[in-house]
Amino acid sequence: MNKPNIIVINGQEYLFTPGETILTVARRNNVDIPTLCHMKNATPTGACRMCVVEVQGARSLMAACTVPAGPNMVVRTESELIAKARRMIIELMLTSGNHEDCLVCPATGDCRLQELAYKYQIKAGRFPKTKSRYDLEAVNPFIIRNFSKCLACGRCVQACNEVQVNTAIDFGYRGARTKIITKGDRTLKDSDCVFCGECIQVCPVGALIPKDAYKKARICDTKSVRSTCTYCGVGCQVNLHVKNNEVQHITGRGDAAPNFGSLCVKGRFGFDFIAAKERLKTPLIKENGAFREASWDEAIGLVAERLSAIKAKHGADSLGVLTSARISNEENYVVQKFARAVLKTNNVDHCARL
Amino acid sequence: MSKNRIQLMLCGGTGCHSTGSKKFEKALQQELEAKGLAEEIKIVETGCNGFCAVGPVMLVQPEGIFYQKLKVEDVPYLVEEHFLKGRPVKKFFFVEQKNKATIPHMNDIPFFSNQVYRAMRNKGVIDPEVIDEYIAREGYFGAAKALNEMTPEQVVEQIKISQLRGRGGAGFPTGMKWAFAAASPGEEKYVLCNADEGDPGAFMDRSILESDPHAVLEGMIIAARAINARQGYIYCRTEYQLAIRRLDIAIRQAKEYGLLGENILGSGFSFNIDIYQGAGAFVCGEETALMRSIEGKRGMPRPRPPFPAHKGLWDKPTILNNVETLANIPQIIIKGGAWYASIGTEKSKGTKVFALSGDVNNIGLVEVPMGLPIRKLIYDIGGGIPGGKKFKAVQLGGPSGGCIPEHKLDTPIDYEEITKVGAIMGSGGAIVMDENTCMVDMARFFMDFIQDESCGKCTPCREGTRRMLELLEKICHGEGQDGDIQSLEALAEVIGQSALCGLGQTAANPVLSTLRFFREEYETHIKEKVCPAKRCVALLKFEVNPEMCKKCGLCFKACPSEAIAWKKKEVAVIDKSKCVKCMSCFDKCKFDAIF
Numbered sequence: 001m002n003k004p005n006i007i008v009i010n011g012q013e014y015l016f017t018p019g020e021t022i023l024t025v026a027r028r029n030n031v032d033i034p035t036l037c038h039m040k041n042a043t044p045t046g047a048c049r050m051c052v053v054e055v056q057g058a059r060s061l062m063a064a065c066t067v068p069a070g071p072n073m074v075v076r077t078e079s080e081l082i083a084k085a086r087r088m089i090i091e092l093m094l095t096s097g098n099h100e101d102c103l104v105c106p107a108t109g110d111c112r113l114q115e116l117a118y119k120y121q122i123k124a125g126r127f128p129k130t131k132s133r134y135d136l137e138a139v140n141p142f143i144i145r146n147f148s149k150c151l152a153c154g155r156c157v158q159a160c161n162e163v164q165v166n167t168a169i170d171f172g173y174r175g176a177r178t179k180i181i182t183k184g185d186r187t188l189k190d191s192d193c194v195f196c197g198e199c200i201q202v203c204p205v206g207a208l209i210p211k212d213a214y215k216k217a218r219i220c221d222t223k224s225v226r227s228t229c230t231y232c233g234v235g236c237q238v239n240l241h242v243k244n245n246e247v248q249h250i251t252g253r254g255d256a257a258p259n260f261g262s263l264c265v266k267g268r269f270g271f272d273f274i275a276a277k278e279r280l281k282t283p284l285i286k287e288n289g290a291f292r293e294a295s296w297d298e299a300i301g302l303v304a305e306r307l308s309a310i311k312a313k314h315g316a317d318s319l320g321v322l323t324s325a326r327i328s329n330e331e332n333y334v335v336q337k338f339a340r341a342v343l344k345t346n347n348v349d350h351c352a353r354l
Numbered sequence: 355m356s357k358n359r360i361q362l363m364l365c366g367g368t369g370c371h372s373t374g375s376k377k378f379e380k381a382l383q384q385e386l387e388a389k390g391l392a393e394e395i396k397i398v399e400t401g402c403n404g405f406c407a408v409g410p411v412m413l414v415q416p417e418g419i420f421y422q423k424l425k426v427e428d429v430p431y432l433v434e435e436h437f438l439k440g441r442p443v444k445k446f447f448f449v450e451q452k453n454k455a456t457i458p459h460m461n462d463i464p465f466f467s468n469q470v471y472r473a474m475r476n477k478g479v480i481d482p483e484v485i486d487e488y489i490a491r492e493g494y495f496g497a498a499k500a501l502n503e504m505t506p507e508q509v510v511e512q513i514k515i516s517q518l519r520g521r522g523g524a525g526f527p528t529g530m531k532w533a534f535a536a537a538s539p540g541e542e543k544y545v546l547c548n549a550d551e552g553d554p555g556a557f558m559d560r561s562i563l564e565s566d567p568h569a570v571l572e573g574m575i576i577a578a579r580a581i582n583a584r585q586g587y588i589y590c591r592t593e594y595q596l597a598i599r600r601l602d603i604a605i606r607q608a609k610e611y612g613l614l615g616e617n618i619l620g621s622g623f624s625f626n627i628d629i630y631q632g633a634g635a636f637v638c639g640e641e642t643a644l645m646r647s648i649e650g651k652r653g654m655p656r657p658r659p660p661f662p663a664h665k666g667l668w669d670k671p672t673i674l675n676n677v678e679t680l681a682n683i684p685q686i687i688i689k690g691g692a693w694y695a696s697i698g699t700e701k702s703k704g705t706k707v708f709a710l711s712g713d714v715n716n717i718g719l720v721e722v723p724m725g726l727p728i729r730k731l732i733y734d735i736g737g738g739i740p741g742g743k744k745f746k747a748v749q750l751g752g753p754s755g756g757c758i759p760e761h762k763l764d765t766p767i768d769y770e771e772i773t774k775v776g777a778i779m780g781s782g783g784a785i786v787m788d789e790n791t792c793m794v795d796m797a798r799f800f801m802d803f804i805q806d807e808s809c810g811k812c813t814p815c816r817e818g819t820r821r822m823l824e825l826l827e828k829i830c831h832g833e834g835q836d837g838d839i840q841s842l843e844a845l846a847e848v849i850g851q852s853a854l855c856g857l858g859q860t861a862a863n864p865v866l867s868t869l870r871f872f873r874e875e876y877e878t879h880i881k882e883k884v885c886p887a888k889r890c891v892a893l894l895k896f897e898v899n900p901e902m903c904k905k906c907g908l909c910f911k912a913c914p915s916e917a918i919a920w921k922k923k924e925v926a927v928i929d930k931s932k933c934v935k936c937m938s939c940f941d942k943c944k945f946d947a948i949f
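If you read the sequences in order, they're chains A and B. Each residue of the first sequence is one higher than the last, beginning at 1 in my numbering. Each residue of the second sequence is one higher than the last, beginning at 355 in my numbering.
Because the hints were derived from the structure by calculation, they are not lab data. Some hints could be false.
Said to hold, decoys possible - Calculated lysine-lysine pairs in the PhoX-like style (CA-CA distance at most 25 Å, straight line): (1) A:Lys129 to B:Lys828; (2) B:Lys922 to B:Lys895; (3) A:Lys189 to B:Lys828.
Said to hold, decoys possible - Using C-beta positions, here's what the derived DEER-type ranges look like: (4) B:Lys651 to A:Pro68: 18 to 26 Å; (5) A:Val194 to B:Cys933: 53 to 61 Å; (6) B:Asn790 to A:Val194: 53 to 61 Å; (7) B:Asn790 to A:Asp192: 32 to 40 Å; (8) B:Lys651 to A:Gly19: 51 to 59 Å.
Quick reminder that beta carbons are idealized off the backbone N, C-alpha and C, glycines included.
With the hints as constraints, model all of the structure from the sequences given.
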């Protein structure tokens, strides 16, 4: 069994490693195969069937995202039959629910269905427009579930079960009544959902959107700025989607450690402090019961003076230092060094232990 | 066991239970006791006899007299005449439809005499709840042989020689399936039995489990030996309560006898079987969905490869065989693969069990040799079409299958030949349809079923079948338009080519097959807004044609809503404001006068 690991795609021979799918080999070699449900970091499900290709000898078209490349396999990624299938699948998706209001959809410009419909120039029309069986759900502070736009591609289910491993959602019901449900089909707020928003990030259309999406600029209208999340020492890499010098959305950066696209509820949704009016921009010193603005030098000088005074009067162990998860390990290290070497106390603690 | 002068093999299948066999049994037992016959005459409750249409049925042994349509009130007469005076009662004999001749002996009744029993060899012969009766019929001899005299390779070899193919419908060679799993590396392997029978009109697996549960267990033991598995599961739909109860009893008895569990028959081989009750999803009959369901997840198919022989239940090498396939295994091991392959066609060997239903006289369960023309199945065994109506088509393979019209009836029962005419062998559901069946409506029924049962995972099946159903409903409602047939065909092609699992890929078959043979019916619906079979309610006018009306008044009597006015020697008139369109008058009118 020493067959060479060569697969033929569109007449070209390519090397592959056993276990790789047709899609992986094709993408590595810049052969375009359109996908919708396929997602990095999760088991391919083969649900949407956009990536169907012809494999010589197979009875039917095969999904490139799930079929492993095999020795001497002969694959075609474009043909009349494939185009027919892909066009019909897009048409079926376009007519399932409400996909005609792109002008007012928050996902416009960042919508996989839109891209595919444009690429294949598909207009809905042959089949009657079908209303969604399920009402929009917005009874939580973070996520809107708009079932009329859901393609049941299952990306959110994969993200929840395989990436975040929260197992809060799965497929429910059958046939055209299929719905992504929580356990017992309750609302998200009454479910195991922790609102990490991973599902929003992977949703290829506008079925899952942030609660305030309608008040913010669309992602396609913003400028993406790479940054590091400030909430904890993990240092998740984020994209700040900025318009008018204001952060509109935060998404995880899929290409960078340590989070590879994932974020938690705080990192994804908790950014309103950036532009909050109450946000402190300079230190404040309290005098006679009222705060006044001060410079950093003045504030730090005052702190040093008071700490020294307390230490002199009551001893070093009358002082204690509490650090925060919002700073890095190195900064935490410096703080405890400061406590032990400068203040001369072992009273050091951290908010994560409380 | 005491010796009895007469044994009464009373059918205890679900069909006869529902027509009152339990009550009859009780009354019969009481009467036998009252007449002092209880010692010499024994009632044996068997599994499904197969002739469900005329139930409750009973076979009197050793005479071989077959009684049908038995009623509690007939018990004293029957006991007096037959069991005291020795005069078989003609009243309960089978009556042939054609020449009205009565046939006393079971073996002379065409329904039985044209069958060949292999998978169902014990049906109606043994009490399925007594293991000794199974053992007396060579039961567990095959398992003993496989465990003590054969190597796993030899077992697989015999199955390969038998050319047995999966009876669940796809017809994959069983020996090959076993060989793949046997060669698959791994300590932990599983043998699964698919008893999640879901096709409308199919009841083969249920009947086999009810009448001969040990044969399935033995088949699984042999399969376990072949691939070296330690654990097996029977995935049985929960609606099959009688089958599950009998399987439960069978497993318990087999364990007591050392035929299941640790160190079977002292061979050092251990194998256990548990029953898993499916919650009623059609898609769980698909192998990967079935395995996910046993794992406790939602029953949804996953892409193959990897195939279950490499990664099945809990990602371990697994074989999944259908009930009927497994019931064939013990005999193959006892008599050899060549014996099994001695009947049948070139590529389809042995026998096939069919559940005959629909517009056919002898509704029931039958086992016939491969190669038998379908015409014989319907006319010789099935006894033809009731009420002197014309045959229109037979639907094979349920929602994944297709229909076979009159001019293709000589197609032999053979996997490839049936596929050539656009149907599939399927698991054995054979629904016969007479001239009053609307083929568009029939296709709509199956599409409705598929859309209801689609797991919803892949786009073509979830959305595509919905669109096909919409189009079919539109046509049946008289709203069909030019281009609808083309849309149906376009959808059918894409669904067949690109759906994820076998269920989706075959979902459009009933439509394609009716379009192939009955396209003009679709066209009549669309262009003329007429349903030729008069089944599509929306296309009917509910009026009486005075020229055709014979003034018999049957429609008047049948109408439940008093919408029909009729007097002797006058043409009936339907008051549309009162008519509820229930079709009762259509069904009663023998002269086609209502349209």
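Evaluation of the provided hints:
Proposed proximity of Lys129 of chain A and Lys828 of chain B is supported: the alpha carbons are some 15 Å apart, at most 25 Å. Distance hint between Lys922 of chain B and Lys895 of chain B is fulfilled; the C-alpha atoms sit about 24 Å from each other, no more than 25 Å. With a CA separation close to 41 Å, the supplied pair Lys189 of chain A and Lys828 of chain B exceeds the 25 Å bound. About 23 Å separates the C-beta atoms of Lys651 of chain B and Pro68 of chain A, a value consistent with the hinted range of 18 to 26 Å.
Remark: the range hint 53 to 61 Å for Val194 of chain A to Cys933 of chain B is upheld by a beta-carbon distance near 59 Å. Between Asn790 of chain B and Val194 of chain A the beta carbons are some 59 Å apart, a value that agrees with the proposed interval 53 to 61 Å. About 54 Å separates the C-beta atoms of Asn790 of chain B and Asp192 of chain A, a value inconsistent with the hinted range of 32 to 40 Å. Range check, Lys651 of chain B to Gly19 of chain A: Cβ separation about 23 Å, and the 51 to 59 Å hint is violated.
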